[in-house]
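Numbering (this note's numbering), first residue to last: 1 to 212.
Calculated directly from the structure, the hints in this document are not laboratory data. Just so it is clear, CB atoms sit at the ideal spot from N, CA and C, and this is done for glycine as well. Not one of these hints is a red herring.
Under the rule of at most 20 Å between Cα atoms (straight-line distance), these lysine to any residue pairs were calculated in the SDA-like manner: (1) Lys142 with Ala87; (2) Lys18 with Tyr61; (3) Lys127 with Gly101; (4) Lys54 with Asn200; (5) Lys90 with Ala206; (6) Lys8 with Gly33; (7) Lys209 with Ile50; (8) Lys142 with Glu168.
Simulated DEER-style distance windows between Cβ atoms: (9) Glu168 with Asp77: 31 to 39 Å; (10) Asp128 with Met1: 38 to 46 Å; (11) Pro63 with Asn41: 23 to 31 Å; (12) Pro130 with Val32: 40 to 48 Å; (13) Glu168 with Ser2: 49 to 57 Å; (14) Lys142 with Ala206: 17 to 25 Å.
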Amino acid sequence: MSNEEILKKLSDAVVGGKVNDSKAAAQEALDVGMAALDAINDGLVAGMSIVGDKYAAHQVYLPQVLMSAHTMYAGLDILLPAIPKAAMDKMLRAATCVVEGDVHDIGKNIVKTMLTAGGFDVVDLGKDTPIETIIESVEKEKLNVLCMSTLMTPTMDGMKAVVDGLVENGNRSKVKICIGGPPTSPAFAEEIGADHRDNNAQDCVAWLKGVL
Numbered sequence: 001m002s003n004e005e006i007l008k009k010l011s012d013a014v015v016g017g018k019v020n021d022s023k024a025a026a027q028e029a030l031d032v033g034m035a036a037l038d039a040i041n042d043g044l045v046a047g048m049s050i051v052g053d054k055y056a057a058h059q060v061y062l063p064q065v066l067m068s069a070h071t072m073y074a075g076l077d078i079l080l081p082a083i084p085k086a087a088m089d090k091m092l093r094a095a096t097c098v099v100e101g102d103v104h105d106i107g108k109n110i111v112k113t114m115l116t117a118g119g120f121d122v123v124d125l126g127k128d129t130p131i132e133t134i135i136e137s138v139e140k141e142k143l144n145v146l147c148m149s150t151l152m153t154p155t156m157d158g159m160k161a162v163v164d165g166l167v168e169n170g171n172r173s174k175v176k177i178c179i180g181g182p183p184t185s186p187a188f189a190e191e192i193g194a195d196h197r198d199n200n201a202q203d204c205v206a207w208l209k210g211v212l
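Could you build all of it, start to finish, from the sequences and the hints given here?
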């Protein structure tokens, strides 16, 4: 099987949400000597980009996006360990989280997927994430990007607490902060000192690529 055929198999697996096909094609890519990053970018990510475009055009819906994301990560589990450390070190590093007090993480998971598809090395801090954990992650994980989300108005104060904490410890300038979730707004982002607010994961990634 040619490299082009393997890449198409990876892409088609993601679009179709076929986990086993994704795993098989990822292993095939390594077996024929394809660079892991090429298999990721030109196969898995290419497929996820197609899904993202379809989602934006309302041609597929959230369950399909989440299944495609699961399929992409199945392939990544095989390919990521094969990436040379020097190449990994060059990737921009981002963290996603849902702030303390909120356990709704579907939006966060979509952002995580789109960041990965956009070429970021993503750390998932999870849901109901303590404020101090988020603040400490910027230095601990050497982050370039921090994405916070919440579905509930009462937990919006946690976003401000994170920004204030980063200002206080001197790490605010090291990271671009993006926020999202129905109760947030561009005005709120400006008020708390975040860099960007978006409720569209693809648009958020595009914005980040434009400023980093």
